[in-house]
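Undergrad: Residue strings, one per chain:
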Amino acid sequence: MNQLLTISFYGTSVALILIGLYAVLAKKNLLKIVIGLSIIDGGLHLLFVSIGYISKGTAPIFSPEVVGTNAVMVDPVPQALVLTAIVIGFAVTAVALSLVIRLYRHHNTVSIDEIKNLKW
Amino acid sequence: MIKKVLVILLLAVIGFYLVDLLAQIPFGEKRDNVGDYYLQESVQSLKVANAVTGIVVNFRGFDTLGEVTVLFLAAMGLSSIMYRKKKKGDKDVRAKKPSSRILQVGVQIIFPMVVILGAYVFIHGHLTPGGGFQGGAIIATASLLMLITYRKFKVNHNTISWIESIAGVVFATLGIIGLIKGMSFLENFLPTGELNALLSGGIIAIIYVSVGFKVAAELTGVIDTVLLNNKPDSNNENN
Chain B
1 MNQLLTISFY
11 GTSVALILIG
21 LYAVLAKKNL
31 LKIVIGLSII
41 DGGLHLLFVS
51 IGYISKGTAP
61 IFSPEVVGTN
71 AVMVDPVPQA
81 LVLTAIVIGF
91 AVTAVALSLV
101 IRLYRHHNTV
111 SIDEIKNLKW
Chain S
121 MIKKVLVILL
131 LAVIGFYLVD
141 LLAQIPFGEK
151 RDNVGDYYLQ
161 ESVQSLKVAN
171 AVTGIVVNFR
181 GFDTLGEVTV
191 LFLAAMGLSS
201 IMYRKKKKGD
211 KDVRAKKPSS
221 RILQVGVQII
231 FPMVVILGAY
241 VFIHGHLTPG
251 GGFQGGAIIA
261 TASLLMLITY
271 RKFKVNHNTI
281 SWIESIAGVV
291 FATLGIIGLI
301 KGMSFLENFL
311 PTGELNALLS
321 GGIIAIIYVS
331 VGFKVAAELT
341 GVIDTVLLNN
351 KPDSNNENN
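First to last, the sequence lines map onto chains B and S. So the first sequence is numbered by my numbering: it starts at 1 and just counts up by one. So the second sequence is numbered by my numbering: it starts at 121 and just counts up by one.
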């Protein structure tokens, strides 16, 4: 059972990271590259949170139902880090998309093959 | 073709080492690390029910200040990248046809509810799952709904920058007051109250509410900039 969970959580996050990297490295469309960056983000967040998971742990919130009991809580540090990372990911995506829009206005295309000004 | 093969080879190497590394980290096992200390302290000394909020706003508060700054810089960078002078032939990229009656009436009903939900999420950030960032994002969603439904709905950028600045100043000032009182930056100087009461956690609740306002204003500004400043040139409108 635990083996299966390990494979599903770690495997999914590694798969997401690799898919995102593939999109960033191999795709020609700038929008697809930005989407790839977002997919890498998602994979990393899943990886963080699943490393912080503790078997049968609850959310790290001391609500009145949990306070007296001996409930196990998952590690809150990765969750806080992911909260930060999501916001930074949003900022990165927003700026990247605005640059894409700017490039589209200038070159009238989003294909990196046709934007040759910086190629040598 | 050769490029794709190279990329797949590279990905295979990266994937191999990632899997190799992760195989050494057991899943779902308890580890002795700083998390236990944070869980204990957030209940005992901070009186914050949501340990994640305790970490984000207090233990790693300086980091959150930086994060808010990054968000502010992204919003500012976005509007300066997207900036262009208005020309005569400029048109709104939003659809010309007014949206359907069903959407308009539905948004009228949903909009206040979404805003209240967002406010609830960031006011109760120290008690329930959620917090300033999440609540602010929910409120920004509400304004996105308004922007795509009503063509006449305009966001006042002056108001947005005022809300943003005041919220940021509140955050920084609360940190500096801690310094003035002889404690460390962003240390709690208010009475903490009782666990699970709305008025608990001292400055944490206030900081998260101000973060909520700031994030809501910033995301609304970002959405508005991307939606309205993106006027296609007249010569490539057909693309």
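A hint or two may mislead.
Stated by the list, open to error - Non-contacting residues of chain S with respect to chain B, defined by C-beta distances greater than 12 Å in every case (computed):
(1) Tyr-158
(2) Leu-159
(3) Leu-223
(4) Gln-224
(5) Tyr-240
(6) Thr-269
(7) Val-275
(8) Gly-302
(9) Ile-326
(10) Val-346
Said to hold, decoys possible - Here are the computed lysine-lysine pairs in the DSS-like style, where the Cα-Cα straight-line distance is at most 30 Å:
(11) Lys-116/B x Lys-123/S
(12) Lys-56/B x Lys-123/S
(13) Lys-217/S x Lys-274/S
(14) Lys-150/S x Lys-32/B
(15) Lys-217/S x Lys-27/B
(16) Lys-116/B x Lys-56/B
(17) Lys-32/B x Lys-116/B
(18) Lys-28/B x Lys-124/S
Calculated directly from the structure, the hints in this document are not laboratory data. Note that beta-carbon positions come from the ideal geometry of N, C-alpha and C, so glycine has one too.
Undergrad: Regarding the assertion that Leu-223/S does not contact chain B, is the least Cβ-Cβ distance greater than 12 Å?
TA: holds (25 Å)
Undergrad: Taking the shortest Cβ-to-Cβ distance between Ile-326/S and chain B, state whether it exceeds 12 Å.
TA: holds (19 Å)
Undergrad: Given the proposed pairing of Lys-217/S with Lys-27/B, does the C-alpha separation stay at or below 30 Å?
TA: Violated, because 35 Å separates the two Cα atoms, which is more than 30 Å.
Undergrad: Can we confirm that no CB of chain B comes within 12 Å of the CB of Thr-269/S?
TA: Non-interface label stands for Thr-269/S: nearest chain B Cβ at 22 Å, farther than 12 Å.
Undergrad: Would the least Cβ to Cβ distance between Val-275/S and chain B come out above 12 Å?
TA: Since the minimum Cβ distance to chain B is about 16 Å, Val-275/S lies beyond 12 Å and the statement holds.
Undergrad: For Lys-217/S and Lys-274/S, compute the direct alpha-carbon distance and say whether it is at most 30 Å.
TA: With a Cα-Cα distance of about 17 Å, the restraint between Lys-217/S and Lys-274/S holds, given a limit of 30 Å.
Undergrad: Taking the shortest Cβ-to-Cβ distance between Gly-302/S and chain B, state whether it exceeds 12 Å.
TA: Holds, since 27 Å exceeds 12 Å.
Undergrad: Lys-32/B and Lys-116/B: Cα distance at most 30 Å?
TA: Status holds; Cα separation ~18 Å.
Undergrad: The output says Leu-159/S does not contact chain B. Does that hold with a beta carbon cutoff of 12 Å?
TA: violated (6 Å)
Undergrad: Does the structure keep Lys-150/S and Lys-32/B at a Cα separation of 30 Å or less?
TA: Violated - the C-alpha atoms of Lys-32/B and Lys-150/S are around 39 Å apart, more than 30 Å.
Undergrad: If we take the beta carbon of Val-346/S, is the closest beta carbon in chain B still more than 12 Å away?
TA: violated (7 Å)
Undergrad: Hinted pair, alpha-carbon criterion (30 Å max): Lys-56/B, Lys-123/S. Please report holds or violated.
TA: violated (45 Å)
In this structure, the hints that do not hold are numbers 1, 2, 10, 12, 14, 15 and 16, in rising order.
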